[in-house]
Amino acid sequence: MAQFTIPARDSTKEMRYQMGYALADLAGEYENIIALDGDLRSSSGLHIFEYFHPQKLIKVGIAEQNLISVSAGLSQEGFIPFPCTFDAFCRRFMDQLYVSVAYSNLNVKFLGAYVGLFTGKAGATHQSDKELGLLLRIPNLHVVEPGCNEEMRQVLRTAVETDGPFYIRIVRCEVEDDEIGAVYKFQLGKGVTVIDRGADIGLVSTGYMIKTAKLAAEKLAKMGIKVRLDHHPSLKPFDTEMLRDMASKVNAIITLENHCVSGGLFSLVAETLTRAGRQIPVGTIGTDPEDFIHTGHVNDLLARYNMTSEDVVAKAKEMLKVSKK
Amino acid sequence: MVDQLDPFEYEKIWRPVRKDFKIFQEVYPHHRQYDELVTQTELLAYLIRSYSVYEMTCGALGHPGGSFSEAEILAVMFNYVLKFDPTNPDWLQRDVLYLSKCHACPAFYAALALFGYFDLKDLKGYGSWDSFLESHPDSNTTPGIDIAGGSLGQIPGVAVGRALGIQRHGPDEGSRMVYVIIGDGECNEGSVWEAFMSAGHYRLDNLVFIIDNNKVQAKGFVAQDMSIEPLADKLAAFNVEPWETNNGHNVAELIDLFSTLHTQRRGKPNAIILNTIKGKDIGMCELNPNWHTSAPREVSMAQDWLMELWERDGRRLDVPEEFPRKLGEAISIVPPVHDNPDQIVEKQA
Chain A
122 MAQFTIPARD STKEMRYQMG YALADLAGEY ENIIALDGDL RSSSGLHIFE YFHPQKLIKV
182 GIAEQNLISV SAGLSQEGFI PFPCTFDAFC RRFMDQLYVS VAYSNLNVKF LGAYVGLFTG
242 KAGATHQSDK ELGLLLRIPN LHVVEPGCNE EMRQVLRTAV ETDGPFYIRI VRCEVEDDEI
302 GAVYKFQLGK GVTVIDRGAD IGLVSTGYMI KTAKLAAEKL AKMGIKVRLD HHPSLKPFDT
362 EMLRDMASKV NAIITLENHC VSGGLFSLVA ETLTRAGRQI PVGTIGTDPE DFIHTGHVND
422 LLARYNMTSE DVVAKAKEML KVSKK
Chain B
39 MVDQLDPFEY EKIWRPVRKD FKIFQEVYPH HRQYDELVTQ TELLAYLIRS YSVYEMTCGA
99 LGHPGGSFSE AEILAVMFNY VLKFDPTNPD WLQRDVLYLS KCHACPAFYA ALALFGYFDL
159 KDLKGYGSWD SFLESHPDSN TTPGIDIAGG SLGQIPGVAV GRALGIQRHG PDEGSRMVYV
219 IIGDGECNEG SVWEAFMSAG HYRLDNLVFI IDNNKVQAKG FVAQDMSIEP LADKLAAFNV
279 EPWETNNGHN VAELIDLFST LHTQRRGKPN AIILNTIKGK DIGMCELNPN WHTSAPREVS
339 MAQDWLMELW ERDGRRLDVP EEFPRKLGEA ISIVPPVHDN PDQIVEKQA
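Chains A and B supply the protein sequences, listed in that same order.
Every letter in the first sequence is one number past the one before it in our numbering, and letter 232, counting from 1, is 353.
Every letter in the second sequence is one number past the one before it in our numbering, and letter 149, counting from 1, is 187.
Be aware that one or more of the hints could be misleading.
Covered, in the sense of this in silico footprint (three residues per stretch, anywhere, with C-beta under 8 Å from a C-beta of chain B), are these stretches of chain A [unchecked claim]:
hint, stretch
1, 175-188
2, 193-206
3, 224-232
The set of hints was computed from the structure by calculation and includes no laboratory data.
Using N, Cα and C, we set each Cβ at its ideal position, and we do this for glycine too.
Input sequences plus hints: build the corresponding full structure.
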């Protein structure tokens, strides 16, 4: 019956497809979950949800403003709507999100697909690496960027079980099922220390960049550099306490985000540390806020913006040199 | 006796026709209660305008044009059409009335107060620092407001979602309706047409778009700034059934239309194009874009407005002349709560 190919659950590590499965699972548990598609379902992963719950997918067509407005109305009738389209198109509904959803504090859970650099060569129009600048400053809104599939599943569950508006950034690339450990449980507003080998340098990651951070940490460890890695899936609210703790224990910090280095994770870190009066060098890994991202293979994009683990290692070495002067 | 008149004791002048707001019951012209319904609804519209003048002048802000053009439709909705419960604003079986042209909330607040959602005297705080009545409505603070708004074009889509949600609840909520009042200028917004498109697509016959076609947008005439005509044809082409009133200020015509609409559940949404006059009943405001935004700057002007409303409607509806006079005397512009050491000046809109 399905119009689109449904990747088998065990055959794919892409977060978008696992998101489709996870949301379908939750909808089996919570009858009032409903998904809304802006005509991108087989790209966003919602086609998997549709396969299991064809009656629970509402299609609004290519109409992003209406996608959010209709979700707002549905939430007022007790449904838990998960509107979903490409994350970049939040630029088209930002005001609906701001006024109808966030100001009214409605129970809408937006799923942004294709966040950051990974759009399958869709180019500047489809890449969303600037949007956190406003999203992180919308009152009432929770903003979360999971880094692995297990965390994504927990984030979705948290969104269902927590009243209020959520904005969830879902990456397109393959991610590990678990980057953090079986004991870990996602908590809104909390970061998690993934690696703690001592005090040389702190890596602060969000989203899929946890993978890059872990690879870099291993490489640095081999060079005798001790790394603490804190992962912050919850960007709003942000775990400032964990960050301040890290800043009191390391010589320098590097932020890693699938977003430009202004308005997102780096800005949260810089604001938090400045406000706390902590003077510590903070380096950035992420895209350039002055760039429209070109079309390109992901390898080329990561190379262009120095976002590989090698770049993290180089930056760490450079920063430790500076901070030890 | 008349000298004792308290302008906030509206019960002495007007009372709702229905005993139970949870019930909609058709009243036809041949019914004994019809004349009373029409008169009391006209009186309600008169009071909505009068208290809006009071509210906007005290608050030193507001949108008189759009508030005056919607007075009759609000009066008809609350006095006749809507199923609601002011003592339990979140009553699950209620009809939903969204005001999408949110700037015209002074009239909406006045209507809510007259039906007991909050104290009529609270209207004085409209737009002031310590008040729960925002310049554009906030659903978190104001009882009876279903969604926050102020940025135009969003709430028609919310109404679509609401109607869709009600439909999905199944047959037991079959009689629940969603109404959304949209400005004609607001129809410039593309998102309004996304809402029309989806309402038609989903055949939401529990949804009524009410377009306050008052001919004037914020800074000019709709026909000149950005025409929306032929509106009825456009709606029909979107699978929305258009209904046009000859005169959106004729309470009897509106009552009759809703008595008919109640029977028109034909698998498509309805839209009412209300032919209204922006600024209705205040001569200087009528069809004048200068009075889209802006409350009277002087209390004396507001008092003149109240007397003009009385001359036009109050007198024939047997409202004592003391009412507008006393209400005018009760007006005082609410000052800011805080001093401003830097003497920054911002003039009233």
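Item to check | Non-conforming hints, listed in increasing numerical order | outcome: none
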